[in-house]
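So the sequences go chain by chain: A and B. Heads up: the first sequence at position 49 corresponds to 49 in this note's numbering, and the numbers run straight through without jumps. This note's numbering runs 112 ahead of the 1-based position in the second sequence.
If you are wondering where the hints come from, they were derived from the structure by calculation, not from laboratory data. What you are looking at is a predicted structure, and each value in this text was computed from that prediction instead of being measured. A couple of the hints might just be wrong.
Derived coverage of chain B by chain A (criterion: at least 3 residues anywhere in the stretch with Cβ under 8 Å from a Cβ of chain A; other residues may be distant) [claimed, not checked]: (1) 178-187; (2) 192-200; (3) 268-280.
Pairwise CB distance ranges, derived in the manner of DEER restraints [unchecked claim]: (4) E62(A) / I303(B): 53 to 63 Å; (5) S163(B) / V7(A): 29 to 39 Å; (6) E62(A) / Y294(B): 41 to 51 Å; (7) G335(B) / D89(A): 53 to 63 Å.
Using N, Cα and C, we set each Cβ at its ideal position, and we do this for glycine too.
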Amino acid sequence: MLSKDLVAASTVPLVLSVLTQGESYGYELIQRVRELSGNRIAWTEGMLYPVLHWMENEDLVESEWREAETGRKRKYYRLRKQGRKALLDEQQQWLTVHETLTKLWKTQPRST
Amino acid sequence: MENPTPFDLNHAIQQWRENLGQSPAFRGENLNELESHLCDSTAAWQTRGLSAEEAFMVAVNRIGKGGALESEFGKVNGTAVWLDRFFWMLIGYQVWALISGIIGLITRNALFFGLNGTGYDFKAHGNTLTVTLLTLAYLAGFACNLALCWWLFYRKGQRFGRWLGRLLHSRTTWLLTYGALYLLPLSILLIGWGTQALLFKSFSREKLGEIAFSLSLSSVISGLITTAVLVGLTLFLARKRLRVGQS
Numbered sequence: 001m002l003s004k005d006l007v008a009a010s011t012v013p014l015v016l017s018v019l020t021q022g023e024s025y026g027y028e029l030i031q032r033v034r035e036l037s038g039n040r041i042a043w044t045e046g047m048l049y050p051v052l053h054w055m056e057n058e059d060l061v062e063s064e065w066r067e068a069e070t071g072r073k074r075k076y077y078r079l080r081k082q083g084r085k086a087l088l089d090e091q092q093q094w095l096t097v098h099e100t101l102t103k104l105w106k107t108q109p110r111s112t
Numbered sequence: 113m114e115n116p117t118p119f120d121l122n123h124a125i126q127q128w129r130e131n132l133g134q135s136p137a138f139r140g141e142n143l144n145e146l147e148s149h150l151c152d153s154t155a156a157w158q159t160r161g162l163s164a165e166e167a168f169m170v171a172v173n174r175i176g177k178g179g180a181l182e183s184e185f186g187k188v189n190g191t192a193v194w195l196d197r198f199f200w201m202l203i204g205y206q207v208w209a210l211i212s213g214i215i216g217l218i219t220r221n222a223l224f225f226g227l228n229g230t231g232y233d234f235k236a237h238g239n240t241l242t243v244t245l246l247t248l249a250y251l252a253g254f255a256c257n258l259a260l261c262w263w264l265f266y267r268k269g270q271r272f273g274r275w276l277g278r279l280l281h282s283r284t285t286w287l288l289t290y291g292a293l294y295l296l297p298l299s300i301l302l303i304g305w306g307t308q309a310l311l312f313k314s315f316s317r318e319k320l321g322e323i324a325f326s327l328s329l330s331s332v333i334s335g336l337i338t339t340a341v342l343v344g345l346t347l348f349l350a351r352k353r354l355r356v357g358q359s
């Protein structure tokens with residue numbers, strides 16, 4: 001399981017990345033991330049929505065209420081240009097951390 | 113409802129939504145979205161073999177506790193939260209002013225007309241009695257006000273809010289409430305002015321001087337005490353409510 005801080009930090013890049021595969025809605029986004037992470041990233045589901053709304057305010061995503069196949073209405077989110085830019089930025093940063101940690105863990109013997 | 117009724121999923125969802133809706137942190141659209149999520153989640157758990165009730169419980173649990181959601185949504189809907197606070201402040205101010213107006217009016221007039229009726233000699237006895245009695249009455253009014261506001265907003269806040277919401281929903285009751293809220297303080301003001309005129313007519317100049325002095329001294333003394341209590345209470349609540357490190 002991820003720590004609370006890491007969950008908070010990774011939500012935006014995760015959402016942006018899932019949305020590059022096409023529009024989606026809250027419940028589906030959560031299921032997708034849960035699936036991809038092998039159940040290791042499990043958000044408190046309701047907490048995703050304030051993040052989505054913040055992303056909408058920042059013009060990273062746009063949304064639209066539409067009727068779903070169930071007959072109920074759902075709010076679908078789509079990536080915007082700004083969002084794609086933000087994702088590239090996030091990618092750079094996460095890869096930098098990832099590469100650095102990988103190098104450190106591979107080359108340095110564990111101190112006991 | 114004499115028999116235990118079977119679980120009604122739609123009713124449960126509506127109830128859950130209404131509970132969340134009590135908080136200003138959620139806008140109508142937020143509630144729509146959360147409800148849509150809850151429906152999706154409940155349906156998914158039902159297809160995995162859970163009963164409607166079990167599926168609903170699991171979905172509610174997964175979506176998160178009301179308090180935690182409220183604080184997260186509150187960060188996004190900051191303006192609405194502050195508008196709501198301002199609204200309660202306005203109500204609190206009016207309730208407070210109304211009650212202290214009524215209590216002040218009654219005690220002042222009861223005291224002076226009462227003492228005058230018993231043939232009390234204002235000049236010979238000095239101001240100690242009148243100042244003490246007035247100060248005590250003001251402090252009692254203050255305590256009543258605090259107790260009432262605490263009861264109204266802290267104990268009955270949700271029910272009061274719901275009642276007020278229903279009352280203001282129709283245009284007729286809205287207008288009636290507006291009239292009542294406008295006329296009540298106005299009538300107290302008018303009664304106060306009337307009794308003041310009566311006071312001027314029925315008391316001699318010397319007595320009026322004593323009365324004015326007692327009134328101002330007692331309001332200074334009670335003002336010192338009530339301000340100390342109010343500032344203390346405000347800072348106490350602020351320290352409890354405003355947690356450090358929350359934006």
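Right, here's what the structure says about each hint:
Three residues within the 8 Å Cβ limit are the bar, and the stretch 178-187 of chain B against chain A gives 5, so the coverage statement holds. Look at the stretch 192-200 of chain B against chain A: 0 of its residues bring a Cβ nearer than 8 Å to a Cβ of that chain, fewer than three, so the hint is violated. By the rule of at least three residues with a Cβ nearer than 8 Å to a Cβ of chain A, the coverage given for the stretch 268-280 of chain B is violated, with 0 such residues. Distance hint check for E62(A) and I303(B): the Cβ-Cβ separation is about 59 Å, which falls inside the suggested range of 53 to 63 Å.
Checking the proposed 29 to 39 Å range against S163(B) and V7(A) shows it holds: the Cβ atoms sit about 31 Å from each other. One distance hint, 41 to 51 Å for the beta-carbon pair E62(A) and Y294(B), holds here, with the actual separation near 45 Å. With their beta carbons about 58 Å apart, G335(B) and D89(A) fall inside the hinted range of 53 to 63 Å.
Comparing the model with each earlier hint shows violations of hints 2, 3; every other hint is respected.
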